[in-house]
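If you read the protein sequences in the order shown, they are chains A and B. Take the first sequence: its position 110, counting from 1, is numbered 110 in our numbering, and each next residue is one higher. Take the second sequence: its position 117, counting from 1, is numbered 117 in our numbering, and each next residue is one higher.
The hints are simulated quantities; they were obtained by calculation from the structure and are not laboratory data. Cβ coordinates follow ideal geometry from the N, Cα and C atoms, glycine included.
With a cut-off of at most 25 Å between alpha-carbon atoms, the simulated SDA-like pairs for lysine to any residue come out as follows:
| no. | chain 1 | residue 1 | chain 2 | residue 2 |
| --- | --- | --- | --- | --- |
| 1 | B | K274 | A | E27 |
| 2 | A | K115 | B | E20 |
| 3 | B | K272 | A | R31 |
| 4 | B | K272 | A | N64 |
| 5 | B | K52 | B | L41 |
| 6 | A | K115 | B | S16 |
| 7 | B | K272 | A | D82 |
| 8 | B | K274 | B | Q183 |
| 9 | B | K180 | A | R41 |
| 10 | B | K274 | A | D82 |
| 11 | B | K274 | A | G65 |
| 12 | B | K274 | A | T190 |
| 13 | A | K115 | A | R152 |
| 14 | B | K272 | A | R95 |
| 15 | B | K180 | B | Q92 |
| 16 | A | K115 | A | D193 |
| 17 | B | K274 | A | R25 |
| 18 | B | K274 | A | P158 |
| 19 | A | K115 | B | Y24 |
| 20 | B | K274 | A | A43 |
| 21 | B | K180 | A | R31 |
| 22 | A | K115 | B | A23 |
| 23 | B | K274 | A | L91 |
| 24 | B | K272 | B | I187 |
| 25 | A | K115 | B | V19 |
| 26 | A | K115 | B | S177 |
| 27 | B | K274 | B | P111 |
| 28 | B | K180 | A | E110 |
| 29 | A | K115 | B | R110 |
| 30 | A | K115 | B | V182 |
| 31 | A | K115 | B | E89 |
| 32 | B | K274 | B | V182 |
| 33 | B | K272 | A | E110 |
Computed list of chain A residues with no C-beta within reach of chain B, every gap over 12 Å:
| no. | residue |
| --- | --- |
| 34 | S47 |
| 35 | E53 |
| 36 | G90 |
| 37 | G149 |
| 38 | F150 |
| 39 | R154 |
| 40 | S163 |
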Amino acid sequence: MFSSAVVSQFTVDRAVPAVEVCELRKEFRRRDGRRFRQRRRVAALESASFAIEQGECVAILGQNGSGKSTLVRLLSTLLLPDGGSARIFGLDVFRQSRAVQRLINRVSVEASFFKRLSSIENLSYAARFYGMTPRQTGAEIPRVLERVGFPRERAGEPMEDLSRGMQQKVALARALLTSPALLLLDEPTTGLDPRSKLEVQDFIRDIRRVHNATVLLCTHDLVEAEQLADRIGILHRGELICLEPVEDLKRRFGAETLEQAFFAATGVVLSSEGEEVED
Amino acid sequence: MRGAATTLRSELIGLSGIVERNAYIIRRYIWMELAFFVWTLANTLTIVFIAKGLDATGSHIDVNRVTTVLLIGALIWSYLGMVFELLTETVQWERWEGTIEYTFMAPLSRPMHLLGTGLFAVVYGLLRTIVLFAICAAFFDLRLPHANYAATIVILAIASVSFIGIGTMTAVLPLISPEKGVQLGYIAQGILLVILGVYYPVSVLPGWMQALATISPATYALRGIRSAIIDGAGIGALWGDIWPLIVIGLVAVPLGLEVFRRGELYAKRHGKLKRSG
Numbered sequence: 001m002f003s004s005a006v007v008s009q010f011t012v013d014r015a016v017p018a019v020e021v022c023e024l025r026k027e028f029r030r031r032d033g034r035r036f037r038q039r040r041r042v043a044a045l046e047s048a049s050f051a052i053e054q055g056e057c058v059a060i061l062g063q064n065g066s067g068k069s070t071l072v073r074l075l076s077t078l079l080l081p082d083g084g085s086a087r088i089f090g091l092d093v094f095r096q097s098r099a100v101q102r103l104i105n106r107v108s109v110e111a112s113f114f115k116r117l118s119s120i121e122n123l124s125y126a127a128r129f130y131g132m133t134p135r136q137t138g139a140e141i142p143r144v145l146e147r148v149g150f151p152r153e154r155a156g157e158p159m160e161d162l163s164r165g166m167q168q169k170v171a172l173a174r175a176l177l178t179s180p181a182l183l184l185l186d187e188p189t190t191g192l193d194p195r196s197k198l199e200v201q202d203f204i205r206d207i208r209r210v211h212n213a214t215v216l217l218c219t220h221d222l223v224e225a226e227q228l229a230d231r232i233g234i235l236h237r238g239e240l241i242c243l244e245p246v247e248d249l250k251r252r253f254g255a256e257t258l259e260q261a262f263f264a265a266t267g268v269v270l271s272s273e274g275e276e277v278e279d
Numbered sequence: 001m002r003g004a005a006t007t008l009r010s011e012l013i014g015l016s017g018i019v020e021r022n023a024y025i026i027r028r029y030i031w032m033e034l035a036f037f038v039w040t041l042a043n044t045l046t047i048v049f050i051a052k053g054l055d056a057t058g059s060h061i062d063v064n065r066v067t068t069v070l071l072i073g074a075l076i077w078s079y080l081g082m083v084f085e086l087l088t089e090t091v092q093w094e095r096w097e098g099t100i101e102y103t104f105m106a107p108l109s110r111p112m113h114l115l116g117t118g119l120f121a122v123v124y125g126l127l128r129t130i131v132l133f134a135i136c137a138a139f140f141d142l143r144l145p146h147a148n149y150a151a152t153i154v155i156l157a158i159a160s161v162s163f164i165g166i167g168t169m170t171a172v173l174p175l176i177s178p179e180k181g182v183q184l185g186y187i188a189q190g191i192l193l194v195i196l197g198v199y200y201p202v203s204v205l206p207g208w209m210q211a212l213a214t215i216s217p218a219t220y221a222l223r224g225i226r227s228a229i230i231d232g233a234g235i236g237a238l239w240g241d242i243w244p245l246i247v248i249g250l251v252a253v254p255l256g257l258e259v260f261r262r263g264e265l266y267a268k269r270h271g272k273l274k275r276s277g
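Could you put the whole structure together from the sequences, leaning on the hints where they help?
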């Protein structure tokens with residue numbers, strides 16, 4: 001259905017896990033408001049360890065500031081860790097970053113495009129970075145846009161004239177165009193209307209079914225996590241508390257729902273905006 | 001061997017992607033570009049009018065020569081500004097649009113990314129400067145009977161390599177300081193303007209400033225281009241300005257890439273490689 005032109009150049013070792021994270025740690029220095037020029041260290045991710053098998057979909061649940069985006073940015077080669085290691089298809093994320101970059105792509109909460117450029121222009125130049133020629137993108141872009149349900153007649157319009165839902169579809173198309181073996185999704189449906197949300201979720205299912213892509217989904221949407229993921233992890237204040245199938249998670253915390261399990265694990269209720277609500 | 005060829009091909013396609021993207025942006029912001037061109041033209045005319053002003057106040061000068069000297073200074077400064085600006089703002093622009101994370105996580109090597117930006121800046125800057133020169137020359141009815149335009153283009157092409165190297169060094173500023181990096185780049189440009197001899201001979205500067213001017217590629221570019229345009233000097237006669245440009249270029253490009261590499265590592269360590277807001 002989609003081109004495998006990019007990925008076919010880089011064979012994936014089928015014997016290794018898609019993602020292996022071991023004792024991964026990241027801290028940031030933040031200004032201390034009380035003292036002039038003083039900075040304090042804040043742990044964004046504390047010794048996280050987990051593995052994701054090839055073709056699996058794992059959801060990481062957590063409120064805003066829990067470390068979900070830090071984890072995605074570490075795996076996207078955009079951050080360097082303060083400790084631990086991470087491997088993607090057996091490749092060291094921080095030492096073999098170029099090889100890793102060829103295997104991954106991501107969709108984040110913000111669509112992130114040049115707003116004056118059209119969807120076709122944004123997709124064309126982005127695909128070049130993955131080695132796709134004009135001939136390849138000329139054939140693939142209309143096909144991918146059609147697949148994500150983007151109306152053909154709007155492909156030449158500037159991104160700033162499109163709705164959030166439309167922009168997010170183009171973001172999905174950008175990720176798909178490069179046929180990633182690992183798709184990193186950082187709150188891809190936050191802020192979308194219910195219909196767009198369902199379309200994006202359907203599409204994530206399709207990517208797994210058609211491509212056998214591995215998916216790491218970071219979200220604060222409990223329903224979304226339960227519907228899409230094979231296993232669910234709970235990340236709270238930088239600490240990965242657990243990672244297991246949803247039924248095991250409920251059993252472990254003696255909960256009937258995922259929401260109750262999340263509360264039992266963290267002591268907070270997850271609001272729809274991802275804000276922490278103390279109970 | 002085949003793997004290396006595949007990688008090189010992929011890198012060159014990536015480089016073309018940077019040029020393609022910048023061309024799209026210029027096309028979409030064409031009216032802004034035209035407005036900016038008019039602003040540059042007004043600035044250039046203001047500076048070049050100084051020659052006529054000096055003549056009007058009774059100074060005994062060769063108006064045509066001084067006008068040409070000032071015009072070349074203003075044009076090269078505008079060209080240099082364009083190259084530096086496109087390189088420096090490439091990070092800031094992406095940060096503002098929110099695409100920075102996608103560009104920096106793509107499998108395109110940083111040298112190719114920066115080279116693509118530099119290549120676009122040089123081609124676009126050259127076209128813009130040629131149009132600006134043609135308008136100004138017509139406006140002041142300049143007589144340039146000996147001008148050697150081929151030698152001028154050669155000098156500018158060689159100097160551009162160094163300009164890309166230095167521009168890459170300034171491009172690191174918005175990477176390590178998202179809030180004030182671009183402004184720091186402008187400060188660096190302002191300091192360069194003083195020591196480059198854009199509007200006056202470097203010989204009028206204090207000794208320590210002259211020493212700084214000797215390591216600046218613009219010093220040789222300006223001197224060489226003035227000789228080629230005003231006196232019609234050929235490549236052979238300009239060799240004294242060409243070889244320092246080659247040496248500075250050979251040093252500036254790897255140095256610029258290394259400075260950027262270290263800046264990128266700093267940004268990745270401190271979480272600065274992300275969109276604004």
